[in-house]
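Visitor: Below, each chain spelled out in residue letters.
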Amino acid sequence: MTESSKPPLLNVLPLKERMKIPRQHMLEQPALERATNFTEVNLGYSEELARQEAARCLECANPKCTNDCPVGVKVKDFVRLIVAGDFMGAAAKIREDNVLPAITGRVCPQEDHCEGGCLMGKKVQPLGIGYLERFVADYEQRHLDTSKLPKAPPTGKKVAIVGSGPSGLTAAGDLIQRGHEVHVFEALHTPGGVLVYGIPEFRLPKQIIREQIDYMRAMGVVFETDVVVGKTVTLDELMHEEGYDAVFIGTGAGLPQFMNIPGEHLNGVYSANEFLTRINLMHAYEFPKYDEPMLDLHGKQVAVIGGGNTALDAIRSALRLGASKAYVIYRRSEAEMPARKEEVEHAKQEGIEFRVLTNPIEFLSDGKGWLNAVRCMKMDLGEPDASGRRRPVAVEGSEFNLPLSVAVIAIGTGANPLIQSTTPGLNTNKKNYIEADPVTQRTSRRGVFAGGDIVTGSATVILAMGAGRRAAQAIHEYLSTWCEW
Amino acid sequence: MFKILHAEFLAPGIKRFVIEAPRIAQKQKPGQFVILRLYEHGERIPITIEHSDPKAGTIRIVVQSIGKTTNLLNSLNAGDSILNVVGPLGKPSEIENFGTVVVMGGGVGTAMAYPTAAALKNAGNRVISIVGARNKELVILERELRETSDALMITTDDGSYADKGFVTDKLRQLIENGTRIDLVLAIGPIPMMRAVAEMTRKEKIRTIVSLNPIMIDGTGMCGGCRVLVDGKSEFACVDGPEFDAHRVDFSVLVQRNSMYRTAEQKSMEEFQHDPKSQIEAVHAEQPGACALEGGRQ
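These protein sequence lines are chains A and B, in that order. Quick note on numbering: the first sequence equals residues 1 to 485 in the working numbering. Quick note on numbering: the second sequence equals residues 1001 to 1297 in the working numbering.
These are computed hints drawn from the structure, not numbers from a lab. For glycine and all other residues, C-beta sits at the position ideal for the given N, C-alpha and C. One or more of the hints may lead you astray.
[Said to hold, decoys possible] Okay, the calculated bits of chain A under chain B, using three or more residues with CB under 8 Å as the criterion:
| id | region |
| --- | --- |
| 1 | 103-116 |
| 2 | 133-145 |
| 3 | 181-193 |
| 4 | 215-229 |
| 5 | 271-281 |
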């Protein structure tokens, strides 16, 4: 046994004393300063702050943090290693369950998972598990020698992963550690999926994603970009002609939904996917250094429609690109917003205006094909709907116009049909999402597994990772049992 | 990286490339396109595939220098590489025996119409091709189209070659002569496709156009290429690029294609101001210069 797997119990503080330590603040760029740049908002913990925060852990006998984590990170164990100052050991401990710690440490909605279950949160504030995970992952990145990564003995089995977003990367990471040959196919020119095209630099720097992917390359994962499975090659060709023993589909929910209200074709109306892809993947905010253009937002009034993380990513990007007014238009109230709490707080600090209980009904033109206002209605909350949230109901006669140059629609996404329509025998549901077993992620096709947003519809990075992890386990079992189905 | 095996100018500013892209060559069907990106700082642009050779693992594209990216692309030669080429994207052209088909190509659109014309001919259609260009120098693929067409008509705007006039003049003549036309395929500048659509609408002749709105990913992910068809949003990248011309709202297409005019002009002005250093930026990323992302790694 290595030292790191048998940590000394250094947290000698009595429980009462631990409770007295306040939650350590994450250093961040001042709000007004960061609102003008794309540099990361959060600056990270120092070693001292991390150890101080880690010392707050109560080390519960039955830790809810681990149970509530979709990939089951052994929080108590890695936190204990931080207290002991064994940061590399802590990183290794996280990696047993989570192959993308630098990413989840930044974008996971911890309040819904690990930190939401933390006992400390019942009395004071929960342990900063996300911050600690991020600290450990960044520390590992600075000190790791990827040439020394252990390699599992090869099994001779080949797995194709379709899509290099959170679920695909997780499945790839888990499978390569079990000795399978893993090839990841990506439609865009850079691996990372939504992590690259969807999440902006100020929340998840591209460098972090590159490092995580380089780590996977060092473990032996092969990435092939510019391949649209369903177009460039079909799933059947991968299995029958290219010799893959199993396939994992993690293509995400990439089809943008529009509101189907008048004026959606006006210049200045974007889907969040396009707006963010231009900025994040194509670096349009660095035009003309980069060739992909976008509309000049300086001094413009910009609104995003929607209340999720994507909506906030879009509007905070617009603010950084010089928007004079930046609105979030959301038809329910703030309590129902699906976005991460920290992002809502950050957005408010930066000067984003929230127009809640407001719903657009028409985009208005300047007469020359360009957006110049959005017509909205005020909403009230009625009885709970299918999502369990109170249904917004329009208030009669409450129409008003909000002057606007650019509108970004971030009301959700649907399933991209490219794979389903070219793969006979792959069952889908009414909304065209792929049907998969919730535990094994098996689809209706032998040897084909699916997980993440392409099965559940848009969710979060960590839930997709959880699916990737379950699929990797099931694929490993399938390949180890001579393909028993 | 996708290697350019052959490159030649077909006309001033119009260049044909043969590119090594085995996966795409295996799958391409007439009417489909690729999206390419030249270098790390490059934008993604859609280009129709003119021809593919599955055995050789190559595809052919024809590119007209219009903006910065196409000018940069046309500065590349055999032995150079394109950083990213993804495809084949879009739905293939509908190929069956319709009877008599008029294939119309305006300018570089001729290169996009050509593969479909050839496939329609192979499917047993009588193919009448009408090709239009600004002047004699810009008439392309004449020999290829002559081989695949039962009749070929050529017009030039200035009358420097064949008949002076527009492709629509020839179409009108065919209609007035009472030629039975079962289908029209028109690919070219938007005003040309729009004019064809208006002419055939009255005659109730089914007409297909290939649209080229602004795209990024080409897989249905961004929605930037949405066009208004029968009052409903369709994505040119996955639902098209070919649509029934009589259902397309061309005004919205023109308006949306103008969205980045200012930025495009700025890019082009910068390029014209110092083409050499901009071309060098692309060449600096060529294989041998340094290793880059793209393709199998």
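Visitor: Against each hint, give a clear statement of whether it holds in the structure.
Guide: Consistency of the hints with the structure:
1. Closer than 8 Å: that is the beta-carbon criterion, and the region 103-116 of chain A has 0 residues meeting it against chain B, so the requirement of 3 is violated.
2. Counting residues of the region 133-145 of chain A whose CB falls under 8 Å from any CB of chain B gives 0; the rule of at least 3 is not met.
3. Judged by the Cβ-Cβ criterion of 8 Å, the region 181-193 of chain A is covered by chain B as claimed, because 4 of its residues qualify and three suffice.
4. A stretch counts as covered by a chain when three or more of its residues have a beta carbon under 8 Å from one of that chain; for the region 215-229 of chain A and chain B the count is 8, and the coverage holds.
5. Remark: the region 271-281 of chain A is confirmed as covered by chain B, as 6 of its residues place a Cβ nearer than 8 Å to a Cβ of that chain, reaching the required three.
Against the hints set out earlier in the document, violations occur for numbers 1, 2.
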